[in-house]
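Protein chains in written order, with numbering that gives the first Met the number 0: chain A, 0 to 163; chain B, 0 to 163; chain C, 0 to 163; chain D, 0 to 163; chain E, 0 to 163; chain F, 0 to 163.
Please keep in mind that the hints were generated in silico from the structure rather than gathered at the bench.
Take the hints with a grain of salt, since some may be wrong.
Identical copies look the same in the list; a pair holds intra-copy or inter-copy alike.
[To be verified] Below, simulated DSS-like cross-link-like pairs (lysine-lysine); rule was C-alpha separation at most 30 Å, straight line: (1) Lys109 x Lys30; (2) Lys154 x Lys30; (3) Lys20 x Lys109; (4) Lys154 x Lys138; (5) Lys103 x Lys138; (6) Lys20 x Lys30; (7) Lys20 x Lys138; (8) Lys109 x Lys138.
Number of protein chains: 6
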Amino acid sequence: MSKLTHFNEQGRAKMVDVSDKSETFRTAIAKSSIIVNELIHAQISEGSNKKGDVFAVAQVAAIMAAKQTSTIIPMCHPLPLTGIDVHFEWNIDAPTSHYEVSIKAEVKTKGLTGVEMEALTAASVAALTIYDMCKAAGKEMVIGPTYLQRKTGGKNGNFERIDS
Amino acid sequence: MSKLTHFNEQGRAKMVDVSDKSETFRTAIAKSSIIVNELIHAQISEGSNKKGDVFAVAQVAAIMAAKQTSTIIPMCHPLPLTGIDVHFEWNIDAPTSHYEVSIKAEVKTKGLTGVEMEALTAASVAALTIYDMCKAAGKEMVIGPTYLQRKTGGKNGNFERIDS
Amino acid sequence: MSKLTHFNEQGRAKMVDVSDKSETFRTAIAKSSIIVNELIHAQISEGSNKKGDVFAVAQVAAIMAAKQTSTIIPMCHPLPLTGIDVHFEWNIDAPTSHYEVSIKAEVKTKGLTGVEMEALTAASVAALTIYDMCKAAGKEMVIGPTYLQRKTGGKNGNFERIDS
Amino acid sequence: MSKLTHFNEQGRAKMVDVSDKSETFRTAIAKSSIIVNELIHAQISEGSNKKGDVFAVAQVAAIMAAKQTSTIIPMCHPLPLTGIDVHFEWNIDAPTSHYEVSIKAEVKTKGLTGVEMEALTAASVAALTIYDMCKAAGKEMVIGPTYLQRKTGGKNGNFERIDS
Amino acid sequence: MSKLTHFNEQGRAKMVDVSDKSETFRTAIAKSSIIVNELIHAQISEGSNKKGDVFAVAQVAAIMAAKQTSTIIPMCHPLPLTGIDVHFEWNIDAPTSHYEVSIKAEVKTKGLTGVEMEALTAASVAALTIYDMCKAAGKEMVIGPTYLQRKTGGKNGNFERIDS
Amino acid sequence: MSKLTHFNEQGRAKMVDVSDKSETFRTAIAKSSIIVNELIHAQISEGSNKKGDVFAVAQVAAIMAAKQTSTIIPMCHPLPLTGIDVHFEWNIDAPTSHYEVSIKAEVKTKGLTGVEMEALTAASVAALTIYDMCKAAGKEMVIGPTYLQRKTGGKNGNFERIDS
Chain A
0 MSKLTHFNEQ GRAKMVDVSD KSETFRTAIA KSSIIVNELI HAQISEGSNK KGDVFAVAQV
60 AAIMAAKQTS TIIPMCHPLP LTGIDVHFEW NIDAPTSHYE VSIKAEVKTK GLTGVEMEAL
120 TAASVAALTI YDMCKAAGKE MVIGPTYLQR KTGGKNGNFE RIDS
Chain B
0 MSKLTHFNEQ GRAKMVDVSD KSETFRTAIA KSSIIVNELI HAQISEGSNK KGDVFAVAQV
60 AAIMAAKQTS TIIPMCHPLP LTGIDVHFEW NIDAPTSHYE VSIKAEVKTK GLTGVEMEAL
120 TAASVAALTI YDMCKAAGKE MVIGPTYLQR KTGGKNGNFE RIDS
Chain C
0 MSKLTHFNEQ GRAKMVDVSD KSETFRTAIA KSSIIVNELI HAQISEGSNK KGDVFAVAQV
60 AAIMAAKQTS TIIPMCHPLP LTGIDVHFEW NIDAPTSHYE VSIKAEVKTK GLTGVEMEAL
120 TAASVAALTI YDMCKAAGKE MVIGPTYLQR KTGGKNGNFE RIDS
Chain D
0 MSKLTHFNEQ GRAKMVDVSD KSETFRTAIA KSSIIVNELI HAQISEGSNK KGDVFAVAQV
60 AAIMAAKQTS TIIPMCHPLP LTGIDVHFEW NIDAPTSHYE VSIKAEVKTK GLTGVEMEAL
120 TAASVAALTI YDMCKAAGKE MVIGPTYLQR KTGGKNGNFE RIDS
Chain E
0 MSKLTHFNEQ GRAKMVDVSD KSETFRTAIA KSSIIVNELI HAQISEGSNK KGDVFAVAQV
60 AAIMAAKQTS TIIPMCHPLP LTGIDVHFEW NIDAPTSHYE VSIKAEVKTK GLTGVEMEAL
120 TAASVAALTI YDMCKAAGKE MVIGPTYLQR KTGGKNGNFE RIDS
Chain F
0 MSKLTHFNEQ GRAKMVDVSD KSETFRTAIA KSSIIVNELI HAQISEGSNK KGDVFAVAQV
60 AAIMAAKQTS TIIPMCHPLP LTGIDVHFEW NIDAPTSHYE VSIKAEVKTK GLTGVEMEAL
120 TAASVAALTI YDMCKAAGKE MVIGPTYLQR KTGGKNGNFE RIDS
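Given the sequences, and given the hints that come with them, work out the whole structure.
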């Protein structure tokens, strides 16, 4: 069976040697989401329209986390990110009281390895930050699913998630 | 309508003043999960039984992230955590090729605020680390749902998630 | 002559021993400012009223920096901050084209040492973040003066700056 | 009116995409200062001449902060700095009891974006560190003005501050 | 056989639960050393006497590292350190060309766990910093032995190393 | 006498300007060790063979520390590391009750400066982590000697330690 690439011959984790890889332009888009209750939806919406913008804080947190990915995820290579952007969108079905924030994080670099983990970390931290700022109004929020939507660049080619 | 507590009178985010709160013993348990393919399941399982233990790396990452929560989540109070533990369990339905790692993170403190965010951050980072170490064998992994299972301590009392 | 307290008998810096101090409630307010040009004033103002809020980003940066003070300022004691808030105010004199953002950072703790440095660091980083986000429209911005406005708590009593 | 470049179409902050920029040699010089009282001047001077060197600590703090700029300033790109230096100079007018430390921070890189923020952060942190180490002898110290003196490199050309 | 305390029942690492421990005053002293060549000894000595003080930089690095111990050592509890001091001493035997810097780091806290790791980390980082600053004049320097000299406080009582 | 390169003309530390250096492939191997007692040897060995693997935690700590070297060692240049690996080996002489873990850390980069400090930091942190996880069973462990075994790449050529 093929072996996990992140382990050395002693069976212990290593940061994979990418010295031979070429520096190419790479992008990754990750998605996450958080389901909130009706009150939280109302509170966030009100703030987004003028002041008290929960998403503004989540955005900053996500961008700063993307830059810290290699210090959070142990075997991740440090990469000089060239661009990070995050988007929020409401996905609402009022009859069933479904209030969901859809989160999309996009990260770019010119580097030796891909930025999948940076995008996934940004999306996750955006969701966690929303949770933190709204938890006084209900702790039953649910984060995720969180997944990679797309990546481009690198030797192994592109990846595009097929939505089910 | 009640207002979000994390904003000041200018409508901008603040770290809520908890100077008046009492130091109490607090715990929180968060859960997450990651769905992997059959190959990744086989690779992780093989390693867990002897060497090349993916979960061992995820465990360390989760514990270190829990301690960094207040530097990752902007409005989180710094807390002197007194205990952190993480558990992994396989949830498998072979006929439908469902291979899922269930992640449970428990955090404890004696402090002025709860440790919900620390537990949620630990569980999220455990899942992200598993993704990172296995992504060479399939990038379609899905993380989450991630949620708070239980919290104890603090003025607002306990919280226990009702599983649906 | 009295000696600087931060040096040991070898004449090298130390983190002063505060083991004998009592944990008391402490606050500090620091002020800074940044002078911008007319265009930047217009751009920030437009954003503050709805979207693209420069101050929202500066606010988050200031709060996160306050929590990191003891990792930025070498001889600063680590403190479990209990509250951080930052305010922005325009101080404008249009005839002389004077556009100034006044920044006030307030930090609270229950701890062994004061939070002057945390407040000063927060105010400084707020100003630096505004500089960063506006520098494409003029690099001649000037930050400061930055100073301590007030502190309370601790053995040495309170401090209140006398405005000249 | 021209728009701030750091915001996306949702009006929220992003780390600007610099993937298309060229890697060039870049430098920036920032200046700050701190006004101290006569006693502090005497204490620092005595130490600078032999032991107990306040500036030596401020120097290390400034250099370490410059390297951390992209983790302190939210929308700053991470850059592999190639050189950092900091200088201190006394600017004294004894008759008016004016004791001022002039701080100059110079930062260099080969990278996609400029190092203005790194130089400004280094100069600010040098001043904050001096404040921290001397505050037992007087909390009325004033930091700044802090500003960019010069930058070179990059598409937009050089900048040189015109001293008033 | 007794088991390692840092592992849970799944055999994976945890941060040990110290919620039941009492907050007591604790100290630890660790020692390290670095053997340098004659040229490096001369260069450091010259600087220590006036300017270019290698030990001043190592001192700052050690103090900052002590405060970061729980982010560097995975299972270490975060502790609010109340005092950190580092001393350097030359141990020279000119006839055999033995030039050794003896390093002593002392750390104090009022907390739930001991500060052995903080003292050991401070001493190690002091030695590493000296290596870094002198390596242009000889890379054959040897760091250590590094060990705990003494600890006080805590349920398990004091420890004092018996010098051989 | 030749002067230390890390000081400016004011005699204070600087991060040396390497803007003129060429980006080359560089490697460094550092070694450290830790002497433990018989009980600790038995506990670690038991864990390494199946669960409770102390070395797995030390490995992760070492890799994460290598990536943080430029934030721990003040004058170190930030470098985009391309590979990190760590190995552990028992060196036992039972008759004399000598139980020693030999640690080897190897780091690679394509960069402007060498990775000696990254390798030395990784080896040191691996040893410190073993100390932390085993100290409940004996605090008399001794870390080191820690030294550079080999480096390749860069203008100054290779270095290979001659074992005595």
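Hint-by-hint comparison with the structure:
Only within a single protomer do Lys109 and Lys30 lie at most 30 Å apart by alpha-carbon distance; the minimum there is 22 Å, versus 32 Å between protomers. When the C-alpha separation of Lys154 and Lys30 is checked against a cutoff of 30 Å, the pair qualifies only within one copy, where the shortest distance is 23 Å, while the shortest distance between copies is 34 Å. Taking identical chains as interchangeable, the C-alpha atoms of Lys20 and Lys109 lie at most 30 Å apart whether they share a chain (12 Å) or sit on different chains (11 Å). Taking identical chains as interchangeable, the C-alpha atoms of Lys154 and Lys138 lie at most 30 Å apart only when they sit on different chains, with a minimum of 15 Å there against 43 Å within one chain.
In this assembly of identical chains, Lys103 and Lys138 lie within 30 Å of each other by CA distance both inside one copy and across copies; the values are 23 Å within and 17 Å between. Taking the closest pair of Cα atoms, Lys20 and Lys30 come within 30 Å of each other both inside a single copy (27 Å) and across two copies (27 Å). Within a single copy, Lys20 and Lys138 get their C-alpha atoms only as close as 45 Å, which misses the 30 Å cut-off; across copies the closest is 20 Å, which meets it. Proximity of Lys109 to Lys138 under the C-alpha cut-off of 30 Å is restricted to the inter-copy arrangement: shortest distance 20 Å between copies versus 40 Å within a copy.
The structure meets every hint from the earlier list without exception.
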